[in-house]
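Dock the two chains into a complex; use the hints.
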Amino acid sequence: MSNRIDVKKTYKLFINGAFPRTESGRTYEVKNAKGVFIAHPCLASRKDLKDAVVAARAAQAGWNKASAYNKGQILYRIAEILEGRRAQFVDEIVSVTGVTKAKADKELTDSVDRLVWYAGWTDKISSLSGALNPVAGPYYNFTIPESMGVIAAIAPEAPSLLGLIDAIAPIIVGGNTVIVLASTKAPLSAMSFAEVIATSDVPAGVINILTGKKDEIAPWMASHMDIDGFDISGLGAKKHAEVKTVATENLKRIYSFKSADPARILAFMENKTVWHPIGL
Amino acid sequence: MEEKLSFEYAPAPESRAIVSIKPKYGHFIGGKFVLGTKHFPTINPATEEVLSQIALAGKADVDAAVKAARKAYTTTWSKMSGKERGKYLFRIARIMQERSREFAVLETLDNGKPIRESRDVDVPLAAAHFFYHAGWADKLEYAGLGTTPKSHGVAGQIIPWNFPLLMLAWKVAPALAAGNTVVLKPAETTSLTALLFAEVCQQAELPAGVVNIVTGDGSTGALIVNHPGIDKIAFTGSTEVGKLIARAVAPTNKSVTLELGGKAANIIFEDAAIDEAVEGIVNGIFFNQGHVCCAGSRLILQESVADEVLQKLKNRMAAIRVGDPMDKNTDLGAINSKEQLLKIRELSAAGDLEGAQRWSAPCDLPGKGFWFAPTIFTGVTQAHRIAREEIFGPVLSVLTFRTPQEAIDKANNTPFGLSAGIWSEKGSKVLWATQQLRAGVIWANTFNKFDPTSPFGGYKESGWGREGGRHGLSAYLKGVSHE
Chain A
0 MSNRIDVKKT YKLFINGAFP RTESGRTYEV KNAKGVFIAH PCLASRKDLK DAVVAARAAQ
60 AGWNKASAYN KGQILYRIAE ILEGRRAQFV DEIVSVTGVT KAKADKELTD SVDRLVWYAG
120 WTDKISSLSG ALNPVAGPYY NFTIPESMGV IAAIAPEAPS LLGLIDAIAP IIVGGNTVIV
180 LASTKAPLSA MSFAEVIATS DVPAGVINIL TGKKDEIAPW MASHMDIDGF DISGLGAKKH
240 AEVKTVATEN LKRIYSFKSA DPARILAFME NKTVWHPIGL
Chain S
0 MEEKLSFEYA PAPESRAIVS IKPKYGHFIG GKFVLGTKHF PTINPATEEV LSQIALAGKA
60 DVDAAVKAAR KAYTTTWSKM SGKERGKYLF RIARIMQERS REFAVLETLD NGKPIRESRD
120 VDVPLAAAHF FYHAGWADKL EYAGLGTTPK SHGVAGQIIP WNFPLLMLAW KVAPALAAGN
180 TVVLKPAETT SLTALLFAEV CQQAELPAGV VNIVTGDGST GALIVNHPGI DKIAFTGSTE
240 VGKLIARAVA PTNKSVTLEL GGKAANIIFE DAAIDEAVEG IVNGIFFNQG HVCCAGSRLI
300 LQESVADEVL QKLKNRMAAI RVGDPMDKNT DLGAINSKEQ LLKIRELSAA GDLEGAQRWS
360 APCDLPGKGF WFAPTIFTGV TQAHRIAREE IFGPVLSVLT FRTPQEAIDK ANNTPFGLSA
420 GIWSEKGSKV LWATQQLRAG VIWANTFNKF DPTSPFGGYK ESGWGREGGR HGLSAYLKGV
480 SHE
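Just so you know, the sequences run in chain order A and S.
Take numbering that gives the first Met the number 0: the final residue in the first sequence is number 279, and no numbers are missing along the way.
Take numbering that gives the first Met the number 0: the final residue in the second sequence is number 482, and no numbers are missing along the way.
Isolated chain S (complex conformation) (with noise of 0.2 Å):
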């Protein structure tokens, strides 16, 4: 017996009167506004509206970022003390606060994620990382590197489109604690919160050269990796071209972190608080379109349970509403690019063909905009490239085990090993779960949570090195033996 509940809302859309849009941006190089050569469009992804024409940065303003960074590491950055370094960071930490507002609408106009997440996660987490790392910049000799612990220099920072401003929180302030300065370059897509930051770095009077941020592609990052005048890359987005840069920079003496991809697995056990984990499972997928590196886009059930689970799901899944990010109640909004849903249509297109049974929840899909509705596919194997491949989109592959090894067994069987859940009421086995995953990132009866003083990160080709905690800033510091 299905009981269909249905709620209907009236629309509660943000106004985006807050925000300001210049109508060409260049780039932020020594603590100014500079004007670009070349231009692109940046569109809100909802709506295909032009929003800005954005710089491409070349040779020359790559050159100059780095030209400014430096000056400013050597005349400034490195030579003041860690309690006023720290200070700038608590200051940019409250401004980014007070204009919380700003920052949420500009995300959600530039990148098509859900206002709620926006203000709810993206933009308070921004600050709080600021906050946290402001704190260790005159506590570098306490963080387990020994008492002398050196920043590298100037850090080349390559973030990607699913959370603009949080991926460029996370990057720059443990940089800048550590007493790096940084030349940062925001995806294509979307650039617009982090030229809004830049203004943020004026407003806190942080000395000129220690933030700079140039826009463009990726022949953009390519030059950053390539510069002789970084010490340090940082880079969050695919493992394709993680490896990429991993293989551009072996030849050198330049430090490398990367946050790559994943295709974590969400384990039921049947002994799961079923209604909890199937909330986990709409979160751990359909949280931000599915546009997260650690989304649980695996669904490993145990079979007992599976086929309550999935009548579950599919109800809960008929209740997201997808639609206008800019609505307070939507859930889920537009995938970030033409390009990216064209991905998620072929990774789709490839279950349908391989076999998998798709189900998508019934909805309408705005007609301008990108748009994908929540989807699963059940019947996968662990072979079909839906099971191994990263799609990056709201569409969760569905497999099943009988005993509990055979769940860990198919969950590791995988490159990746960025994240993983593991949903059940029993301490023990889910402490169990816990030992064998292969993965950096752990949620059990919760997934998707992310703090400042938890260190993220993955195993395997999902990534090297962690982003959060004492870990993730002894990225931006050289330590005692390591050469």
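This is chain A alone, in the form it adopts within the complex (with noise of 0.2 Å):
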């Protein structure tokens, strides 16, 4: 066994459903904790972002469109097949943060049981924010929420894979695609799990998975007039201002969060409001 040459992995990016390199064919170099030398990220590009969009915009309709119930059983499967490769992220995350195992053991636990809480809610979230309003007239008057359409959202640095879960679960299961970049230090674990979705029955183009730095893609995101909404939970405070103002230009939605909750779902979803008479 000593002998043996590892075979290592290339990481790219994840968009559509498929791995493609940067097109800028820039990368930049992951190190462990010890400062040694594991990969090569690609460094995602304005045109990379773009991309992403154009997939996240092409899958909305039909991620939209698919019921509660078929949006559960794909988050689940995510679940599902995270678990079946838990010694694998195990591994990359104490190899690239340097934690002990137990440690990195537990982030996975709180992923897989992070997905299946976020699985649960898809056919929830509309009975516990949608409202039948008594107007006073002779009209039958709801309210549900809907899917907002394209976000983006960006990862926190750290936890790299329960972070990175956080920004894309709420997101899809209000039945949005979503655009996320991954943590900048810790990348591996994201794009391993992007194999993970590629695996899982979701749709291409429903989660689209950028590797980067922070400072440079999100006021893209931010200033991208196809994007509806922006999760910067994993940007730096000191961009806020920034990317808050570049953002007005179509008046997409930001916000910004520090746990799970189901406001976190309905952030990114619309209210819509229904009339109609009542009468013979």
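Hint data in this document are derived by calculation from the structure and do not stem from the laboratory.
We put the CB at the ideal spot given by N, CA and C, even for glycine.
Some hints could be false.
Footprint (simulated), chain S over chain A, 3 or more residues, beta carbon under 8 Å [stated by the list, open to error]: (1) 48–54; (2) 125–135; (3) 238–252; (4) 268–279.
Restricting the straight-line Cα-Cα distance to at most 25 Å, the calculated cross-link-like pairs of lysine-lysine (BS3-like) are [as the list claims (entries may be wrong)]: (5) A/K123 - A/K30; (6) A/K7 - A/K257; (7) A/K64 - S/K337; (8) S/K327 - S/K448; (9) S/K149 - A/K257; (10) S/K242 - A/K237; (11) A/K123 - S/K448; (12) A/K238 - S/K242; (13) S/K242 - A/K49; (14) A/K238 - S/K477; (15) A/K64 - S/K425; (16) A/K237 - S/K428; (17) S/K477 - A/K123; (18) A/K257 - A/K238; (19) A/K123 - A/K184; (20) A/K257 - S/K409; (21) A/K64 - S/K428.
Structural data, given as structure tokens:
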């Protein structure tokens, strides 16, 4: 065994269900906690983001149309596949971040459980937030939450896998499609998570994952006119004012969160109110 | 064969004796009317008669209002139980009901809208908003934001001229119910009912500083938006100004809600009840002179019924009575300002220039004041300015479609997403279209209906947040997870 040369993985982007390299040809070095080189993930470009938005937009109507039951099963399926690849993810987290194996194992457990938690929300969120409104007239009037469209998200630097799942799952629970920028320092589990997504019946384009520099990509996400909402939970506070300002061009909805909560799902849903007369 | 029915009506003027308008007004700060320094005239747009002189609030006035609001928030309002706060709101609702005729007459004089609408829509709905939100004040823990939702503090509120008192109610009632205090600025051309509302606050013995009203123009609005002592901004108005506000507030921690413009599609399918649909088209675009952000300003007609609908629409439009807003028979009143009239004329001229065909209802317009006859443009394409830009007047752009999907595509082809209308007698088609349309309010087989229990607000560039219902209330509360 000791003489064998490892077959190392090339880490690429995940756009429209495929694994392209960045069109820019740019990469950066990821080193482990001891400073030893591990991998060259992609430094995604503005064009990569644009491609991801095109894929996300094309996928949105179909994903939105899938039944809540179907969406829930697909999210649960992601949890199943992730659970089955636990060892690989634990090794990857340990090698990149230098945390103990027990801590990495705990992050995996939390990640799988978090996915299961979100899976159960798909067919409950509209009962939680919808309303039948008792208007003063002969009208049937109700309000329901609906998908917002294409949402961008910045995952936090750490925990790199659980944080990524908190960035992705609430957005797609609501029927949106997502372009997420992974942790810059620890992007490897994100790109391995893309392999989980690719084998979990998630339609191409629903989840797109980029790696690269947050300060570079966040303003591009904020100014993109075909992105409807932006979760900046993983973006440093210093950058918030800039991206919020740029995002006003199309009045993008911008939120950031500290925890998993149904509010995180509803933040990227629009409320639609419908009136119809009652009468013979 | 066209049969022309003509009805002559004797004038049925509402008396203005019930209102007494002072020659000059100041601001309402800390529970008292205070003198202004500079003033500008407010006029009756139906006659151009100067009604009063309105104070233009500058920095010192806005500072004083914010200070009064902060003091009221920290010493009184945030410490009071929800039950007691609610009682003040109930009182306000009752006094507004008691003085409803006065409010209606004053609104019509200052705004130009028909007395029938201010009397039957604006004022009763405004009172209903206070009554509805009064009941929320002691039930905030059930509003879906966790067991301990918190108020923001001082809310700065800037409202438009199209529904002056009603927009005040949409803003002030939920803010107060949630425990905030407010600094409100009415629109430059329509301050009078807000100043009358200040009297109602005094009569209701609302603690000083809970509601502060400063009058002025956009410069006063900017002072409110940029004031460091304000925690929350709520604005209703144009998308253009809404974006400026969003940009100004972006680097701060202020919370923002925006109710902005629209270019609503009103879709008539071939299986609609045509006569009802024609009434719905008229209500959709000519209600309140078309000065409605959710107006059904793009009529999207199925080709197979287009000729029939347009003929019936023209007949119906010829019966719209345009003129004296104080006449109880008037359907269409005055355009709110000269500036707005020029904008409507400019966009209509663009419609002519770009090749659409204009038709206006034959009617005599008064010599004085600001008027625009009910107008439709046919042959409109999606690229025309009159199909893309908000006209905010009694001008309807007509487009046609063949398949239901084409109707949806055309309806959604806009950066706005405030409202939409659907006319069809087939339930499954109505629900299908309801799902497809990207708009916050969908009126199916009806149009322009409003209620305090019913959330109102837009998708996309029509704004941020909702007003009305539990969803609207949440805009004035801080929940658990949002930062």
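Hints and how they fare:
no., hint, result
1, 48–54, "violated (count 0)"
2, 125–135, "holds (count 7)"
3, 238–252, "holds (count 9)"
4, 268–279, "holds (count 8)"
5, A/K123 - A/K30, "violated (42 Å)"
6, A/K7 - A/K257, "violated (35 Å)"
7, A/K64 - S/K337, "violated (47 Å)"
8, S/K327 - S/K448, "holds (21 Å)"
9, S/K149 - A/K257, "holds (18 Å)"
10, S/K242 - A/K237, "holds (22 Å)"
11, A/K123 - S/K448, "violated (29 Å)"
12, A/K238 - S/K242, "holds (20 Å)"
13, S/K242 - A/K49, "holds (24 Å)"
14, A/K238 - S/K477, "holds (23 Å)"
15, A/K64 - S/K425, "holds (21 Å)"
16, A/K237 - S/K428, "violated (49 Å)"
17, S/K477 - A/K123, "holds (23 Å)"
18, A/K257 - A/K238, "holds (17 Å)"
19, A/K123 - A/K184, "violated (36 Å)"
20, A/K257 - S/K409, "violated (40 Å)"
21, A/K64 - S/K428, "holds (16 Å)"
Violated hints, in rising order: 1, 5, 6, 7, 11, 16, 19 and 20; the structure is consistent with all others.
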